[in-house]
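For what it's worth, my numbering labels the leading residue of the sequence shown as 1, then goes sequentially.
Worth flagging that the hints you see were computed from the coordinates, not collected in a lab. Where is the CB? At the ideal position from N, CA and C, for every residue including glycine. Any given hint might turn out to be false.
Unchecked claim - Ranges between beta-carbon positions, derived for each pair:
{"id": "1", "residue 1": "Pro-152", "residue 2": "Asp-62", "range": "36 to 42 Å"}
{"id": "2", "residue 1": "Ala-100", "residue 2": "Pro-122", "range": "30 to 36 Å"}
{"id": "3", "residue 1": "Pro-102", "residue 2": "Ser-141", "range": "18 to 24 Å"}
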Amino acid sequence: MVRNPRRLAPSVLVGVLALAGCSDSTPTDDNTPATAPATVESSTATASPPSATATAPAPPPDAVMPALHSRTYEQARTEFSGRDLSPARLTAAAQHKDVALPRDHDDWYICDTSPRPGAPLPATTTVTVRLAQDFSDCTTSFNGYLYEENDPASTP
């Protein structure tokens with residue numbers, strides 16, 4: 001036989017009465033009205049079901065890759081800052097295999113980007129921009145080389 005402590009019995013009784021929807025059986029003063037304890041039914045009755053108008057705000061959508069073609073690397077960094085995107089996400093690479101990208105390439109032109117313009121740009125995505133010193137070099141390519149004589153497939 002399990003014994004209940006004396007302090008637990010009144011709490012259990014109030015809980016059972018609350019679940020049953022009965023009022024508190026504690027004696028009251030004749031001048032004060034009896035108050036019903038907070039019941040599970042009354043607390044669930046006051047809670048309203050979630051409605052379509054009271055939904056949590058949607059998370060902000062992922063950014064979209066801006067069109068950077070024909071801009072300089074410096075302009076791309078400014079564009080990223082203006083869109084609250086970190087310019088540190090930009091990774092520069094040379095457009096051609098036979099061209100070394102200098103340390104200071106801020107005035108070089110963007111020929112291509114990865115991801116493409118208009119693509120979703122999640123916060124973890126790094127953006128690679130392919131640069132050429134002269135914008136006209138963006139459309140020149142000999143199997144990925146700027147100069148035909150550097151292309152191993154070229155025949156003299």
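A quick look at each hint next to the structure:
Restraint check, Pro-152 to Asp-62: a C-beta distance of roughly 41 Å satisfies the suggested window 36 to 42 Å. For Ala-100 and Pro-122, the Cβ-Cβ distance of about 31 Å falls inside the hinted range of 30 to 36 Å, so the restraint holds. In this structure, Pro-102 and Ser-141 meet the distance hint of 18 to 24 Å, their C-beta atoms being roughly 20 Å apart.
Every hint from the earlier list agrees with this structure, and none is contradicted.
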